[in-house]
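Student: Read top to bottom, the protein sequences are chains C and R. For what it's worth, our numbering labels the leading residue of the first sequence as 4, then goes sequentially. For what it's worth, our numbering labels the leading residue of the second sequence as 4, then goes sequentially.
Treat the hints with care, as some may be off.
Which copy? The list can't say, so a pair holds if one copy fits it or any two copies do.
Below, a list of computed lysine to any residue pairs in the SDA-like style, where the Cα atoms sit at most 25 Å apart [said to hold, decoys possible]:
#1 245 with 331
#2 105 with 198
#3 331 with 263
#4 100 with 133
Keep in mind that the hints were calculated from the coordinates and are not lab data.
2 protein chains.
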Amino acid sequence: MVGTETIGEHEIIQLIHKRLTVMPNMPVPFGDDVSAASLSGNEIAVLKTDMLVAATDVPVGMSLFEAARKAIVMNISDFASKGVMPSAVVVALGLPKTLANKRAVTELADGMNYGAREYGTYIIGGDVNETSDLIISVSLFGTACNALMLRSGAKDGDILAVTGLFGKTASGLRLLEGNYKATASLREILVNAVFRPNARLREGLALRGYDYVSSSMDSSDGLASSLHELSKMSKVGFLIDKLPVGSDVEEFAINNGLDVVDLVFYGGEEYELVLTIRPEKWEEAKMVVETVHGQLIPIGKAIYDKKVILKLNGIKRDIEPRGWEHFKSQI
Amino acid sequence: MVGTETIGEHEIIQLIHKRLTVMPNMPVPFGDDVSAASLSGNEIAVLKTDMLVAATDVPVGMSLFEAARKAIVMNISDFASKGVMPSAVVVALGLPKTLANKRAVTELADGMNYGAREYGTYIIGGDVNETSDLIISVSLFGTACNALMLRSGAKDGDILAVTGLFGKTASGLRLLEGNYKATASLREILVNAVFRPNARLREGLALRGYDYVSSSMDSSDGLASSLHELSKMSKVGFLIDKLPVGSDVEEFAINNGLDVVDLVFYGGEEYELVLTIRPEKWEEAKMVVETVHGQLIPIGKAIYDKKVILKLNGIKRDIEPRGWEHFKSQI
Numbered sequence: 004m005v006g007t008e009t010i011g012e013h014e015i016i017q018l019i020h021k022r023l024t025v026m027p028n029m030p031v032p033f034g035d036d037v038s039a040a041s042l043s044g045n046e047i048a049v050l051k052t053d054m055l056v057a058a059t060d061v062p063v064g065m066s067l068f069e070a071a072r073k074a075i076v077m078n079i080s081d082f083a084s085k086g087v088m089p090s091a092v093v094v095a096l097g098l099p100k101t102l103a104n105k106r107a108v109t110e111l112a113d114g115m116n117y118g119a120r121e122y123g124t125y126i127i128g129g130d131v132n133e134t135s136d137l138i139i140s141v142s143l144f145g146t147a148c149n150a151l152m153l154r155s156g157a158k159d160g161d162i163l164a165v166t167g168l169f170g171k172t173a174s175g176l177r178l179l180e181g182n183y184k185a186t187a188s189l190r191e192i193l194v195n196a197v198f199r200p201n202a203r204l205r206e207g208l209a210l211r212g213y214d215y216v217s218s219s220m221d222s223s224d225g226l227a228s229s230l231h232e233l234s235k236m237s238k239v240g241f242l243i244d245k246l247p248v249g250s251d252v253e254e255f256a257i258n259n260g261l262d263v264v265d266l267v268f269y270g271g272e273e274y275e276l277v278l279t280i281r282p283e284k285w286e287e288a289k290m291v292v293e294t295v296h297g298q299l300i301p302i303g304k305a306i307y308d309k310k311v312i313l314k315l316n317g318i319k320r321d322i323e324p325r326g327w328e329h330f331k332s333q334i
Numbered sequence: 004m005v006g007t008e009t010i011g012e013h014e015i016i017q018l019i020h021k022r023l024t025v026m027p028n029m030p031v032p033f034g035d036d037v038s039a040a041s042l043s044g045n046e047i048a049v050l051k052t053d054m055l056v057a058a059t060d061v062p063v064g065m066s067l068f069e070a071a072r073k074a075i076v077m078n079i080s081d082f083a084s085k086g087v088m089p090s091a092v093v094v095a096l097g098l099p100k101t102l103a104n105k106r107a108v109t110e111l112a113d114g115m116n117y118g119a120r121e122y123g124t125y126i127i128g129g130d131v132n133e134t135s136d137l138i139i140s141v142s143l144f145g146t147a148c149n150a151l152m153l154r155s156g157a158k159d160g161d162i163l164a165v166t167g168l169f170g171k172t173a174s175g176l177r178l179l180e181g182n183y184k185a186t187a188s189l190r191e192i193l194v195n196a197v198f199r200p201n202a203r204l205r206e207g208l209a210l211r212g213y214d215y216v217s218s219s220m221d222s223s224d225g226l227a228s229s230l231h232e233l234s235k236m237s238k239v240g241f242l243i244d245k246l247p248v249g250s251d252v253e254e255f256a257i258n259n260g261l262d263v264v265d266l267v268f269y270g271g272e273e274y275e276l277v278l279t280i281r282p283e284k285w286e287e288a289k290m291v292v293e294t295v296h297g298q299l300i301p302i303g304k305a306i307y308d309k310k311v312i313l314k315l316n317g318i319k320r321d322i323e324p325r326g327w328e329h330f331k332s333q334i
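With the rest of the complex left out, here is chain C (with noise of 0.2 Å):
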């Protein structure tokens, strides 16, 4: 039969957005962090919707109240990727039968409301079904005026940003998932980035507003993904000098042998910022973010040549579009 063989999560989400009706004069375009709809006057309703999946999204030694904290996290996120303050959260909670008692229940409740909270956002409501596997589908929504943080807008010379320093959370799912090494307290700080993941809203929101940042998406997917998706959507491409990567996945790479830009640019789970700045505003970009004590750390440039290079110590290497995509990536 004609297009029955699989295909993967992008190719998937284009043939969708193909098939629909576009809404008119829709403020955010299909394929960015969030989507919208228009208000009255300037503003715009703001929602997101993403589903946790425990077998796909959910390590092995996470527990139901992380497991259900991060399925709000990951969706705050793109909130915060674009400017945007959460105003409500709605979840659809999908439970196998083995997790339909009070115990459990419980645990999964605290876990979203310990989420919202922290986000100082709120549940207000949502509904139940039976699955086979444990699904989170969680919806935020907010309003914002119509000047969001969109993936496209960066131009050549503008600063490359994040909003923290990668690799943790691979390092992490390694020691979780395989043979690797690490003292104690090391571990429990990678283990710690799986399992207590964060949404960067603080700095997102701190930004907004401002005409600092001419594009910005979050690095669920991967440094790596979000480099090229910002490549995509803004036709520039990046050269980055500057590893954002601390000491303890430096360790970790050297002790288990590891290569430490695999760890930085491949990871994904991992909620930064990924941004562009206009040279002229970096000064007062950094500032606002400081204000609310998060940090923006410069690791390159946006380049006329759509490529995304990775240039330390005089060598160059091409840093490719691989990243997490379902269908096509091995769990």
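Fit chain R to the given chain C structure using the hints.
Tutor: Positioned in the frame of chain C, the structure of chain R alone reads:
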């Protein structure tokens, strides 16, 4: 261990509500058909999320197009019951690998789009994930003035009405699953009710903004379940003196030795509105619904005694609060 015995959907929802921090000034209480958050002025943002799970919600023989359309319709029905127009839809899609192909995805996208366009709304975004069973988690957004038709509000003496006849879906499901008989044309009517359910959005929208309706909800868990829910939330009972059933379902019941009352009250997956109307406003309410080519069928009245009673030909019968409940009902 304490708290590990299986509990039903209703108890799970109550438990979750108890654990959540309640948003201040929530315009719609927990446990109604939709959720809401305040916007500026008198306006509120209305949200609804519910997932279609293939194993429980997609009967044998239903196409992917129909399943995707139904996922939208079942959410629209909740908006209909509150008299709210859905402005935009987002969808978190969980696909098993067997459906990650062009043919299946096209059919799913077309079904979702068709369902949204039928009710004048648009799908503006979403996400795709890998799941073991097909899951279509739909979220709706709309705005309204702060005067929704809630589940609470029915008063002793109000007229109980529905927007259509019941029992077709229950009959159709029996035809699809078991050894029941029907003529080809009857079969088509009954099976079509299962495969192509409709939400009563026009009716709900026609009634909004007036003070005709004292309480309202949809009948997706079965008419009996809706009546008991309205009874609980409004602190009234109901006396039903007319069975909302057509000759098609009566014929099916007689030919198969089934109780027509069972088919009418304990079906579920039927998306009519169940409303109470202030008696002095009955004619006006009926007229506005007929203006949009809908119907308002009186089936009884709200009574002081908090019971749901069917009285036909002088014989009284208690309508028990049975209905579909995840983790308790058998598939």
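Student: Are the hints correct? Go through all of them and say.
Tutor: Status of the hints after comparison with the structure:
1. Taking identical chains as interchangeable, the C-alpha atoms of residue 245 and residue 331 are never at most 25 Å apart, the minima being 30 Å within one chain and 57 Å between chains.
2. In this assembly of identical chains, residue 105 and residue 198 lie within 25 Å of each other by CA distance solely inside one copy; the values are 23 Å within and 35 Å between copies.
3. For a Cα distance limit of 25 Å, the shortest separation of residue 331 from residue 263 inside one copy, 24 Å, qualifies, whereas the shortest one across copies, 50 Å, does not.
4. For the homomeric pair residue 100 and residue 133, the shortest alpha-carbon distances inside one copy (7 Å) and between copies (20 Å) are both at most 25 Å.
Checked against the numbered hints above, the structure violates only hint 1.
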